[in-house]
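Which chain is which? The protein sequence lines are A and B, in order. Each residue of the first sequence is one higher than the one before, starting from 1 at the first, in our numbering. Each residue of the second sequence is one higher than the one before, starting from 1 at the first, in our numbering.
A few of these clues could be false.
Remember, identical chains collapse to one label, so a pair may be satisfied in a single copy or spanning two.
The list that follows gives simulated cross-link-like pairs (lysine to aspartate or glutamate, EDC-like), each with its CA atoms no further than 16 angstroms apart [claimed, not checked]: (1) 157 / 95; (2) 93 / 197; (3) 191 / 225.
The set of hints was computed from the structure by calculation and includes no laboratory data.
Number of protein chains: 2
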Amino acid sequence: MTLEQNDRLILLTNDDGMYAAGLRALTEVMEEFGKVVVVSTQESMSGMSMALTVKTPLRVKLLEETDRRRVYTCNGTPTDSIKLAVNQLLERKPDWVVAGINHGANASVSVLYSGTMAATIEGCLYGIDSVGFSLSDFSPTADFSVCREVIRTVMRKLTEMRLPEGICLNVNIPSIPENEIKGLLVCRQSKGNWKEEFEKRKDPMGRTYYWLTGFFHNHEPEATDTDEWALANGYVSIVPVSVDMTAHSYLKTLKEGFNT
Amino acid sequence: MTLEQNDRLILLTNDDGMYAAGLRALTEVMEEFGKVVVVSTQESMSGMSMALTVKTPLRVKLLEETDRRRVYTCNGTPTDSIKLAVNQLLERKPDWVVAGINHGANASVSVLYSGTMAATIEGCLYGIDSVGFSLSDFSPTADFSVCREVIRTVMRKLTEMRLPEGICLNVNIPSIPENEIKGLLVCRQSKGNWKEEFEKRKDPMGRTYYWLTGFFHNHEPEATDTDEWALANGYVSIVPVSVDMTAHSYLKTLKEGFNT
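This is chain A alone, in the form it adopts within the complex:
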């Protein structure tokens, strides 16, 4: 891959591993926008959040190189992948970081656990316009082609505008036929949490172990300005995500509470 001065350089990653269909679909669409460098995780890293690999060394493998793309895989997390790419593997700082397409929605509080959104947030921390895409379909045969036109629309918008410092995008696509998608909805993260999260079992030795499981509980099913509502009603949800987690609206009250 040769990078000309006016080529757009796009860094891709995901959290479903190097063979994920969602990553292949994303790579194909993003090649329409520039030169693509993929740094995928070797294995599925779903639910790894912004975990960093600090206790073991990282290794990187170049898998493929064509005129339009270069594909690596690394043994770390999605956040490691972005850090490695920006610091060691890329010719220069990329213009965009794009993560996904995740197998399953990352709406509401899933933004906190998602490896896909972690990679997106990591790109944003480097001052790069960053977007994470997820398809609301966990089935192994999920059809990612429904996402192509949505991705094109969002990224075309990013060719016209830059995101503010410290803000990236969390885009979730409903799992419905493309012609039934009603449109794109800019919205906020829905309030919710996970419930009944473990299955308790006995191993053959009689010792207890637990599997993580559970279901999502939407705290505000009536609200119509949330990502959960958008997805449930046939819209693509676009949530601007802030890397600043300060609860600014509560600063004053808390200051008064502590008399500072």
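Place chain B on chain A using the hints.
Leaving out everything else, chain B in the frame of chain A:
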């Protein structure tokens, strides 16, 4: 441990593992406030963010039980520890989740990577008043006794007031003699990121590998209302952290951008 109806039930965890001096110091102080259940991680889980264990089963071991405390350890992450405790190990929903005392500061963007703050955020997602404590000292001989009075002050405040839904506290304590601490400062998360994050080496076979390293770069060293400033100037920083990552201030502009 017997739990009476008016006992305060406090869930503790950390990300430095079951033998961490910071966890022992925190446990001792928190016993002044109620009955304590500790669910620590077996190993150090520093930088694990809100990672979930989804591919392997979790196991829990009861290590110690006295009249005032019950101590478990689990083979998962800090977030797993809180989920396991709330769903499987506790008699009832705890009144507080308290994490730490972390070995090293979790100011600025470290809130995104920290296992200690991940556990705190997880508690908050369950609707529990949650606080994470960190000492700004990475040395193996760090003296956590400096934190005791700070922890007492913060937790006494929480006996008088409840935190709003979706907001928890990130408390960082400077590594200076206790009598030099100037006070507690409610402040915001400083803008910053990490730089030069890898050391590239060759293994004995001549193959390249990378170690995560690097240093923190403060983007706003002049600002006096940030956690970084507080710590550098002898104050304890208290940042209210929101589990809602929506960039609310940018919603309107983004909506106009997408014409929705």
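Going down the list of hints, with the structure as the test:
1. 157 / 95: This pair counts as within: shortest intra-copy Cα distance 14 angstroms, inter-copy 46 angstroms.
2. 93 / 197: between (40 angstroms within a copy, 14 angstroms between copies)
3. 191 / 225: Cα proximity of residue 191 and residue 225: one copy only (11 angstroms, versus 28 angstroms across).
Checked against the numbered hints given earlier, the structure satisfies every one of them.
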